[in-house]
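J.: Spelled out from the first residue to the last, the chains are:
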Amino acid sequence: NAGVTQTPKFRILKIGQSMTLQCTQDMNHNYMYWYRQDPGMGLKLIYYSVGAGITDKGEVPNGYNVSRSTTEDFPLRLELAAPSQTSVYFCATSGGTGGAEKLFFGSGTQLSVL
Amino acid sequence: AQSVTQLGSHVSVSEGALVLLRCNYSSSVPPYLFWYVQYPNQGLQLLLKYTSAATLVKGINGFEAEFKKSETSFHLTKPSAHMSDAAEYFCAVKAQAGAGSYQLTFGKGTKLSVIP
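Chains Z and R supply the protein sequences, listed in that same order. For reference, each letter of the first sequence is one residue, going 1 to 114 in the working numbering. For reference, each letter of the second sequence is one residue, going 1001 to 1116 in the working numbering.
Certain hints may be false.
Computed footprint of chain Z on chain R; a stretch qualifies when at least three of its residues, placed anywhere within it, have a C-beta under 8 angstroms from a C-beta of chain Z [to be verified]: (1) 1031-1043; (2) 1096-1105.
Only part of the chain R face toward chain Z is listed, based on derived beta-carbon distances under 8 angstroms [as the list claims (entries may be wrong)]: (3) 1008; (4) 1009; (5) 1046; (6) 1090; (7) 1108.
Honestly, the hints are just simulated from the structure, not real lab data. Quick caveat, the model's predicted, so the values are computed rather than measured. For each residue, glycine too, the CB sits at the ideal point set by N, CA and C.
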């Protein structure tokens, strides 16, 4: 079992470029989350999904978009990259009713916007 | 809104010494609390969780945490630090995300260094 797989692991973008961070899970979990981690700031929730076709904003959604067409995939899209989006991005999944009982994390994508 | 505050962004202990990482919570309802650990260049993994069944919770790798309602605390301890415990530790609380769904709200993290 691969668990939660994120690609790419590293990426450098120029200001204004766009990209998609990929997240795939094989755990058949309904709940999926995107967090960003900045040094000394902990993790902030960007978007989450409670199942295929259903997504909602978290604490810091500006500048990002998501989609959830299948249970397995939850890509995060940056349309116009800005230096403030330099961060480490983590995808996580959770099963159970309501989610968030135990989160399983991917290994992260380190993004630099220059 | 539920939140957690971790006291101390960086803690250093000697190998074999007691580890104490502090977390205080704010919640208007009985909280579900968690400790996660992040090793370098990895995602977070669950150490332990409190879901009101018992106030002393034992987790993996010899860690435990005690829920103290009177102090609104959920501090993480380990009697004897090992070099492999060097990592960043995050306290988290389960919080409402949408109708019938939840997310974890994380503290800012405490980086633990273990001195040989």
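J.: Indicate, hint by hint, whether the structure satisfies it.
T.: How the hints compare with the structure:
1. 1031-1043: holds (count 5)
2. 1096-1105: holds (count 8)
3. 1008: The hint is violated - residue 1008 (chain R) has no Cβ within 8 angstroms of chain Z, the shortest such distance being about 12 angstroms.
4. 1009: Because about 6 angstroms separates residue 1009 (chain R) from the closest Cβ in chain Z, which is inside the 8 angstroms limit, the hint holds.
5. 1046: This hint holds: residue 1046 (chain R) lies near chain Z, its Cβ roughly 5 angstroms from the closest one there, short of 8 angstroms.
6. 1090: Holds, because the Cβ-Cβ distance from residue 1090 (chain R) to chain Z comes to roughly 6 angstroms (cut-off 8 angstroms).
7. 1108: holds, 4 angstroms
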